[in-house]
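Those sequence lines, one after another, are chains G and Z.
Note that the first sequence ends on residue 339 in the working numbering; no numbers are left out.
Note that the second sequence ends on residue 277 in the working numbering; no numbers are left out.
Read the hints as simulated data drawn from the structure, not as lab findings.
Possibly wrong hints are sitting among the right ones.
As the list claims (entries may be wrong) - Below, in silico cross-link-like pairs of lysine-lysine (PhoX-like), each with a Cα-Cα straight-line distance of 20 angstroms or less:
1. Lys22/G x Lys43/Z
2. Lys240/Z x Lys271/Z
3. Lys30/G x Lys97/Z
Unchecked claim - If you want a taste of the chain Z side facing chain G, the calculated C-beta under 8 angstroms gives, among others:
4. Thr52
5. His90
6. Leu200
7. Arg211
To be verified - Simulated coverage check for chain Z against chain G, where a stretch passes if three residues somewhere in it have a Cβ under 8 angstroms from a Cβ of chain G:
8. 144 to 154
9. 252 to 264
For glycine and all other residues, C-beta sits at the position ideal for the given N, C-alpha and C.
Residues per chain are reported as follows:
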Amino acid sequence: MRTFSSIIIFIIALLLFSSCEKTILEMPSKSNTHVFEAFWKGIDERYAYFELKNINWDSLHTHYGDIITNEMTDEALFDTLSVLIDLLHDGHSGIKSSFDMHKNTGFYMCGPENVSERLIVDNYSKGWGMQIGNLRHFALCNNDIAYIYYGNFSDLVSDYDIDYLVNKYKNTKGIIFDIRSNYGGSAENIFRLTKRFAQDKTHLYNNRFKNGPGHADFSDFTETCIEPAQTTYKGKVCVLTNRKVYSAASIFTLSMKQLPSVTIVGDTTGGGLGMPVGFELPNEWQVYCAGTQIISVDGENLELGVPPDVQVNMTDDDIANGIDTIIEKAIEIINEQSE
Amino acid sequence: MCNLKTLLFTLLIFFIYKNGISQDKQSDIPTGNYIVLGIGNSKISVNETINTSVPYTGWCTATAVEGIFGSEKHYWHIRNAYSFGTITPHQSVLPNKNTEEAYDENLGITPYWRFYHNQPQHIYLYAGPVVNAKIGLRFKNGAIGNSSVSYEGALGIGFALKAAKYFNISKKHNNPFKRFKAEATLSLPVVSKIFHPNYLGISKTALTENRKLIDWSSNYTGYFNNFEYGVSFTYYLKNKNALELAYNRNFFGTNPQYNPVKTMNQSVVFKLLFNLK
């Protein structure tokens with residue numbers, strides 16, 4: 001009995017005096033200066049483009065560290081950290097509190113709009129057109145050319161949807177795949193779409209991740225390749241882009257650029273090839289910034305934008321006459337290449 | 001994946017049951033083969049740095065599926081504890097708290113051997129090796145991009161100890177068959193393969209066609225990382241089925257080069273023990 005009692009007492013002692021939970025639930029300081037330090041350090045150790053963008057993050061710490069006081073209001077602190085976010089000039093950076101959310105949207109303003117949904121509806125689809133899943137589509141030029149619009153990579157494209165379109169338009173000369181003003185979303189859709197236009201195994205790009213706190217701490221580059229899908233489109237393809245093509249949509253543009261049957265038409269994309277990664281501050285605000293790098297097969301870092309093969313901007317005269325200059329150029333390219 | 005795991009777990013229980021050691025007919029304590037189903041509450045607490053800066057904690061749902069096969073002298077205990085729920089920052093006073101969906105899975109397989117018993121007092125001490133697999137998985141809700149998943153996992157071997165006292169509360173009828181059991185358990189995997197997220201918390205395959213949620217290549221060998229103990233109180237019914245109330249506490253810590261994690265899962269689970277005859 002004495003043995004058993006000893007064991008029970010030992011277990012109870014463990015339960016009562018164990019300090020495990022105390023060490024787990026240890027709270028960091030939530031003072032403004034600690035929050036600023038956590039913010040600065042979090043970005044310092046994660047952000048992947050200090051060198052490319054020539055940002056001296058240390059000097060910003062010196063400057064803004066002097067401004068931060070523990071007496072500042074939450075709003076003032078948030079605004080100050082938002083300024084630092086803006087200085088990254090990166091659409092994949094932002095900060096969120098319980099009362100505000102700030103995103104860096106610099107890539108919006110780098111070029112003309114270069115798309116008008118109303119113009120397409122009025123003069124090309126002459127209405128809504130057809131839609132399967134999240135892909136809108138219609139035929140142009142006496143059914144010789146198909147037009148597909150994909151507006152958001154966050155919206156899933158299923159194998160069924162894209163196979164349906166590839167089959168429906170298999171006898172056309174070409175497809176215009178319009179992703180203008182597509183801000184990105186899930187990388188999964190990149191591969192599902194791209195492999196429908198590839199005829200061979202294709203090397204799309206190389207990527208690497210931050211793997212340590214130093215600005216130059218990166219993993220080795222990993223090659224990203226795709227195999228063609230069972231059902232593929234054999235005709236010509238023009239991908240239409242503008243500056244609001246960002247993130248996964250930019251990666252898609254870069255991927256499609258590697259395919260011989262594809263021509264990128266329009267404006268340079270907004271870039272944003274680095275994947276955003278996040279962290280939390282001691283006051284529970286959430287911050288994110290780009291933590292990975294993608295370079296093209298040729299070794300170019302296209303974080304600031306993937307250039308088109310054929311640069312075209314919409315002209316005011318064309319817009320006034322109900323003409324989408326970029327669609328017209330794509331039609332011209334497909335017709336030329338199909339001759 | 002879940003179905004495969006359930007199937008394998010069921011097959012494992014069936015295999016051990018079929019190969020189990022026959023019941024000790026002479027014993028005046030309840031022994032034999034049991035399938036155990038339990039449900040209760042668990043408190044999951046996590047301290048990590050990938051997606052959070054403050055510790056997170058919260059009450060979750062706890063479930064248990066167990067198998068007990070064998071005799072008074074030697075038996076197998078297969079235990080699968082699974083908790084899931086939403087956790088929030090510790091001591092948060094914000095109106096819109098950040099949240100994480102937390103999942104905690106803990107599987108242990110232990111063959112116990114009796115190494116001490118006091119027949120008059122009905123005290124039994126057991127020991128045996130333990131094979132343990134554990135994974136904690138969390139999905140952060142909010143604006144933090146692609147690193148929203150964090151996890152820690154372990155596959156380890158170690159030892160387990162168990163002390164059991166059988167007794168009757170009422171002495172009126174002086175029934176030799178004992179109806180109650182109080183039990184204390186300690187499980188300590190000694191060597192484990194520890195799986196943890198990489199530096200950024202994004203799988204290396206995130207930008208490839210065959211994307212995986214968990215990067216299994218990010219691992220190391222650790223020691224004494226997963227400590228678990230518990231107490232339980234069991235009442236055996238006349239038909240040899242039983243009811244049990246169990247408290248369990250699991251502490252798990254990883255120590256990779258970056259992003260160490262400490263987690264704790266405390267659970268109170270009410271269990272039904274079905275005697276397989």
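Going through the hints against the structure:
{"no.": "1", "hint": "Lys22/G x Lys43/Z", "verdict": "14 angstroms, holds"}
{"no.": "2", "hint": "Lys240/Z x Lys271/Z", "verdict": "14 angstroms, holds"}
{"no.": "3", "hint": "Lys30/G x Lys97/Z", "verdict": "15 angstroms, holds"}
{"no.": "4", "hint": "Thr52", "verdict": "5 angstroms, holds"}
{"no.": "5", "hint": "His90", "verdict": "5 angstroms, holds"}
{"no.": "6", "hint": "Leu200", "verdict": "5 angstroms, holds"}
{"no.": "7", "hint": "Arg211", "verdict": "7 angstroms, holds"}
{"no.": "8", "hint": "144 to 154", "verdict": "holds (count 5)"}
{"no.": "9", "hint": "252 to 264", "verdict": "holds (count 4)"}
Every hint, counting from the list given before, is met by this structure.
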